[in-house]
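Visitor: The residues making up each chain are set out below.
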Amino acid sequence: MRRWLLAGTVGILVMAAAAPALAADEVSADELLADPAAFDGVEVVLEGELIGDYGFRPDGWMWTQLNGDSYGSDPVAAGGALTGGNSGVGIRMPEALGRPLDAPGGYRQVGPIVAVTGQWRFHDPARGGESYLDVASLEVVAAGRAIDDPANGLVMAIGGLMLVLGLASLATLRRSRRSELVRRQPSG
Amino acid sequence: MLIRPVADDLAVIAHYLGRILTVVAMAGLLPTVWAAIAREWRPLSGFLVMVGVLLLAGQLLLRAGPRQPHLGWSHGMVVVALTWIVVPAMGAIPLALSGHYANFLDSYFDAMSGLSTTGLALIQDLDHLAPSLNFWRHLLQFLGGQGIILAALTLFASGGVLTLFEGEAREERVLPSVGSTARFIWAVAAAHLVAGVLVLTLVGTVILGFTPIRAVFHGLLIFFAGFDTGGFAPQSTSLGYYHSAIFEGVTAVLMVAGAMSFGVHYALWKGRARSVMANLETKTLLRTFFITLALVFVGLATAGLYGSVAGLSRQGLFQVLSAHTGTGFATVPSPELATWGGLAFGGMALAMAFGGMGSSTAGGVKALRVGLTVKTISNQIKQVLLPEGAVVGRGYFQGSEQRLTDEVSQSVMSVTLLYVGLFLAGAGIAQAYGVPLQEALFESVSAGASVGLSVGVTAPTMPVLLKITYMVQMWAGRLEFVAVFALFGFVLSWIRGR
Numbered sequence: 001m002r003r004w005l006l007a008g009t010v011g012i013l014v015m016a017a018a019a020p021a022l023a024a025d026e027v028s029a030d031e032l033l034a035d036p037a038a039f040d041g042v043e044v045v046l047e048g049e050l051i052g053d054y055g056f057r058p059d060g061w062m063w064t065q066l067n068g069d070s071y072g073s074d075p076v077a078a079g080g081a082l083t084g085g086n087s088g089v090g091i092r093m094p095e096a097l098g099r100p101l102d103a104p105g106g107y108r109q110v111g112p113i114v115a116v117t118g119q120w121r122f123h124d125p126a127r128g129g130e131s132y133l134d135v136a137s138l139e140v141v142a143a144g145r146a147i148d149d150p151a152n153g154l155v156m157a158i159g160g161l162m163l164v165l166g167l168a169s170l171a172t173l174r175r176s177r178r179s180e181l182v183r184r185q186p187s188g
Numbered sequence: 001m002l003i004r005p006v007a008d009d010l011a012v013i014a015h016y017l018g019r020i021l022t023v024v025a026m027a028g029l030l031p032t033v034w035a036a037i038a039r040e041w042r043p044l045s046g047f048l049v050m051v052g053v054l055l056l057a058g059q060l061l062l063r064a065g066p067r068q069p070h071l072g073w074s075h076g077m078v079v080v081a082l083t084w085i086v087v088p089a090m091g092a093i094p095l096a097l098s099g100h101y102a103n104f105l106d107s108y109f110d111a112m113s114g115l116s117t118t119g120l121a122l123i124q125d126l127d128h129l130a131p132s133l134n135f136w137r138h139l140l141q142f143l144g145g146q147g148i149i150l151a152a153l154t155l156f157a158s159g160g161v162l163t164l165f166e167g168e169a170r171e172e173r174v175l176p177s178v179g180s181t182a183r184f185i186w187a188v189a190a191a192h193l194v195a196g197v198l199v200l201t202l203v204g205t206v207i208l209g210f211t212p213i214r215a216v217f218h219g220l221l222i223f224f225a226g227f228d229t230g231g232f233a234p235q236s237t238s239l240g241y242y243h244s245a246i247f248e249g250v251t252a253v254l255m256v257a258g259a260m261s262f263g264v265h266y267a268l269w270k271g272r273a274r275s276v277m278a279n280l281e282t283k284t285l286l287r288t289f290f291i292t293l294a295l296v297f298v299g300l301a302t303a304g305l306y307g308s309v310a311g312l313s314r315q316g317l318f319q320v321l322s323a324h325t326g327t328g329f330a331t332v333p334s335p336e337l338a339t340w341g342g343l344a345f346g347g348m349a350l351a352m353a354f355g356g357m358g359s360s361t362a363g364g365v366k367a368l369r370v371g372l373t374v375k376t377i378s379n380q381i382k383q384v385l386l387p388e389g390a391v392v393g394r395g396y397f398q399g400s401e402q403r404l405t406d407e408v409s410q411s412v413m414s415v416t417l418l419y420v421g422l423f424l425a426g427a428g429i430a431q432a433y434g435v436p437l438q439e440a441l442f443e444s445v446s447a448g449a450s451v452g453l454s455v456g457v458t459a460p461t462m463p464v465l466l467k468i469t470y471m472v473q474m475w476a477g478r479l480e481f482v483a484v485f486a487l488f489g490f491v492l493s494w495i496r497g498r
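Line by line, the protein sequences give chains A and B. 1 is the number of the first residue of the first sequence in my numbering; add one for each residue after it. 1 is the number of the first residue of the second sequence in my numbering; add one for each residue after it.
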């Protein structure tokens, strides 16, 4: 009995020690883009917003982009701060994983924030040297949501007024030039 | 002695500038209607302000000018140079009001980059940008590539406007009159627009699996940026977003079509392909393309960046094509492109600097100038090596048999040297800010040759002076210097003339 207990304890300790090694590395999109070759073939966990389009292709894969920047949680339209350009990588997953997802991010839409686990394929020879994350599993961290991008009433009013004035000015100029032409034509 | 311009000179310039601003205002109505239909209220307010400003400024200038002014050479050049400063400033208004730019300078930078068909960008969070604004960014590239002046010419063609046409770096008249040439150029663009958008949309829906509306959106924007060798893209990852060799292939056809002169389009349309192939310009373009492609292939292979021939070929070919046509689409992210050292870097930089054909939407030194520069240098060497009194052949074929006179040689060499100076000046300023030489040179050539590929130097955080430097490079490079010098001369005459 004692021997069994000891073996069990050792077994649990070994598994616990090995767990971090077996688990996929958590990386950010910036880290992946900074040194993509270093992660070639490595299983990684990447978190971010699914954005752009969901391309469901005839071969059963779904392609999209995962952005790891701050705009997924704080988009500009919702008053989020400007923190630079987007930081995204291409990902593909089996169609079945992608079908239930909320709409991808875009204008007035924050896409679902997901944590995807998969193998980073750097310059994949099978895909003509493309680099992308081959997703095996996906966990939705936050659902997609619609955001508002309200107009500034004052700017809208000024713009509308300027447009009307500009069009009116164009019309009067054309009319005056046309009547000038008519006056110049010899009568009879 | 410098002669100070008189009020009449200003009135003539004002008149033509007014006409052009009015045409741009009309173009600005397209994204305005888009925003209104799509209920994109914030972008709509920006477009209303922009169109209003363009219309009011245009009418004000038109009223200030005489009824039927005579446009002299220097007037035309000044109008062109001013157009390419004023239009992006006004075109930047909706971008600045979108909230996607840190300040007005950044949105002005992007509008200048769009209009000059460069493609470098300082926009932040592009992936959440309103579609109408994205459309406007790409429409700016179409307007700049086809030529704003050309649009004005099509609508208001009248006597003395040839200088406007030439000022926009279009020396070639395909048909006898400027008006008919302008209409031909629009016809070429329209034919490519219909075919290009249709094919890209088909690829988008059938192969990429996009929804039909999104496929049309991507197709339209990629057409604008591809055919006009602009390089903006609807998504932040540029052409790499699509992960499709077929999509890249279709885009490559559009890029090549954009980099061909409209004279070549006309000759091909008339079935004169043999004559096109005999042109010095075509031969030079093919030679420089294959030389730079070989450099990039050898460079990438030596560095071991790609594990397969297929990968190296596809990525290398597309990037060289993108650089040589002056488009700037990327399938390789900027940080990775920055690691392309040695021969691959040299090949890319040279491809960007050489550019496409003259009178096309491409930038750079241009193939004919490169060909004539090489011919001038080789003639000089032959003259030294051959016995005294020996005659060196100076003929070349470009549409017909031509003679390389000293005057032509001097003019070609001057512009080539000016481009080299422009590239070095931009690189020098970037270096002064601590940017490594290779990256500084790459980004400078990209800006000056209206390409738009980036190794990461262009960013919202870069120094203000560097942003202005790249803007000046885009402006001067796109106009091929003549109009720029005419404007400086005009201002100098105004200040110091009598």
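No lab work stands behind these hints, which were simulated from the structure alone. Small disclaimer: the values here were computed from a predicted structure and weren't measured. One or more of the hints may lead you astray.
What the hints assert, rightly or not - Calculated from the model, a selection of chain B residues having no Cβ within reach of chain A, i.e. all distances over 12 Å:
id, residue
1, Leu-2
2, Asp-9
3, Thr-22
4, Leu-97
5, Asp-125
6, Val-206
7, Gly-209
8, Arg-214
9, Gln-315
10, Thr-331
11, Leu-350
12, Gly-393
13, Gly-421
14, Gly-434
15, Phe-485
Said to hold, decoys possible - Below, a sample of chain B positions facing chain A; criterion: calculated Cβ distance under 10 Å:
id, residue
16, Leu-126
17, Leu-129
18, Ser-308
19, Gly-399
20, Ser-400
21, Leu-404
22, Val-408
23, Ser-409
Every residue, glycine too, gets a C-beta built ideally from N, C-alpha and C.
Visitor: All the hints need checking, so say for each whether the structure fits it.
Guide: Evaluated hints:
no.: 1; hint: Leu-2; verdict: holds (35 Å)
no.: 2; hint: Asp-9; verdict: holds (22 Å)
no.: 3; hint: Thr-22; verdict: violated (7 Å)
no.: 4; hint: Leu-97; verdict: violated (6 Å)
no.: 5; hint: Asp-125; verdict: violated (5 Å)
no.: 6; hint: Val-206; verdict: violated (8 Å)
no.: 7; hint: Gly-209; verdict: violated (4 Å)
no.: 8; hint: Arg-214; verdict: violated (5 Å)
no.: 9; hint: Gln-315; verdict: violated (5 Å)
no.: 10; hint: Thr-331; verdict: violated (8 Å)
no.: 11; hint: Leu-350; verdict: holds (22 Å)
no.: 12; hint: Gly-393; verdict: holds (45 Å)
no.: 13; hint: Gly-421; verdict: holds (30 Å)
no.: 14; hint: Gly-434; verdict: holds (19 Å)
no.: 15; hint: Phe-485; verdict: holds (33 Å)
no.: 16; hint: Leu-126; verdict: holds (6 Å)
no.: 17; hint: Leu-129; verdict: holds (6 Å)
no.: 18; hint: Ser-308; verdict: holds (3 Å)
no.: 19; hint: Gly-399; verdict: violated (39 Å)
no.: 20; hint: Ser-400; verdict: violated (43 Å)
no.: 21; hint: Leu-404; verdict: violated (42 Å)
no.: 22; hint: Val-408; verdict: violated (43 Å)
no.: 23; hint: Ser-409; verdict: violated (43 Å)
Hints 3, 4, 5, 6, 7, 8, 9, 10, 19, 20, 21, 22 and 23 from the list above are not met by this structure, while the remaining hints are.
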